[in-house]
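Peer 1: Sequence:
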Amino acid sequence: MSILLLIDGYNLIAPMAAPSQRRSIRAELTREGSKPWLLTEREKLLARLAEHLDEPVRTRTCVVFDAKNAPAGQPSSLTHAGIEVRFAVDHPEADDLLEELIRRHHHPKQLTVVSSDHRIQAAAKRKRASFIDSEPWYDALEEGVVLLGWTPSKRREKPPTDRSDAKAIEPPSLPDLDISDEDLQGWIDGSPFRFDS
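Taking the UniProt record's numbering, the leading residue of the sequence shown gets 1, the next gets one more, and so forth.
Just so you know, the hints here were simulated from the structure itself, not pulled from any lab data.
For each residue, glycine too, the CB sits at the ideal point set by N, CA and C.
Careful: at least some of the hints might be erroneous.
Computed spacing ranges between beta-carbons, pair by pair [to be verified]: (1) K127 / G73: 29 to 37 Å; (2) A72 / K127: 32 to 40 Å; (3) P75 / E100: 31 to 39 Å; (4) R128 / L39: 13 to 21 Å; (5) D90 / A122: 29 to 37 Å; (6) P36 / R104: 14 to 22 Å; (7) D139 / P92: 13 to 21 Å; (8) R126 / P36: 21 to 29 Å; (9) T40 / R128: 15 to 23 Å; (10) K127 / P36: 24 to 32 Å.
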């Protein structure tokens, strides 16, 4: 199943963080090594997403983080409450992996990208995917609204196959006509039908 919601993880952490932390987040992200507060913020983000996203959206959501701050000893991708979490291990930064995922998406018009990064938004726009800045998207999420550019339609339920209560359809009753065998054969042969008065 293809991704419906693609989230720039560290870009979304900034609006979630306390106002005093917001200024230092970008500087901290450029430093080598995993910071305990960053691990905590990742966990908070994933917990909030798991709490607010319904299962059909959650299982089609991918959150991408830079690899240089990936948890030590962890695989490059994992699943948290149905959410795919990827670290940009084979990419210089998360933006490169995000662009690749957007570019390779089979149905980009069904994709919503959450990032305030203009480079990522431009990649989404090129593929005609929807995009939204992180802060307004997160604010809406906290209010219980999941902003998506495209909503999957619910599958129609199939009609029940148990036909035990179905009634047989009776053909309509026809009036009895008094037709002689001779008249019937004439009608079959194409002779004009004569009515006896």
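Peer 1: Hints first: check each against the structure and report whether it holds.
Peer 2: Results of checking the hints against the structure:
no. : hint                   : in the structure
1   : K127 / G73: 29 to 37 Å : 34 Å, holds
2   : A72 / K127: 32 to 40 Å : 34 Å, holds
3   : P75 / E100: 31 to 39 Å : 18 Å, violated
4   : R128 / L39: 13 to 21 Å : 35 Å, violated
5   : D90 / A122: 29 to 37 Å : 22 Å, violated
6   : P36 / R104: 14 to 22 Å : 34 Å, violated
7   : D139 / P92: 13 to 21 Å : 30 Å, violated
8   : R126 / P36: 21 to 29 Å : 38 Å, violated
9   : T40 / R128: 15 to 23 Å : 36 Å, violated
10  : K127 / P36: 24 to 32 Å : 37 Å, violated
Of the numbered hints listed earlier, those contradicted by the structure are 3, 4, 5, 6, 7, 8, 9 and 10.
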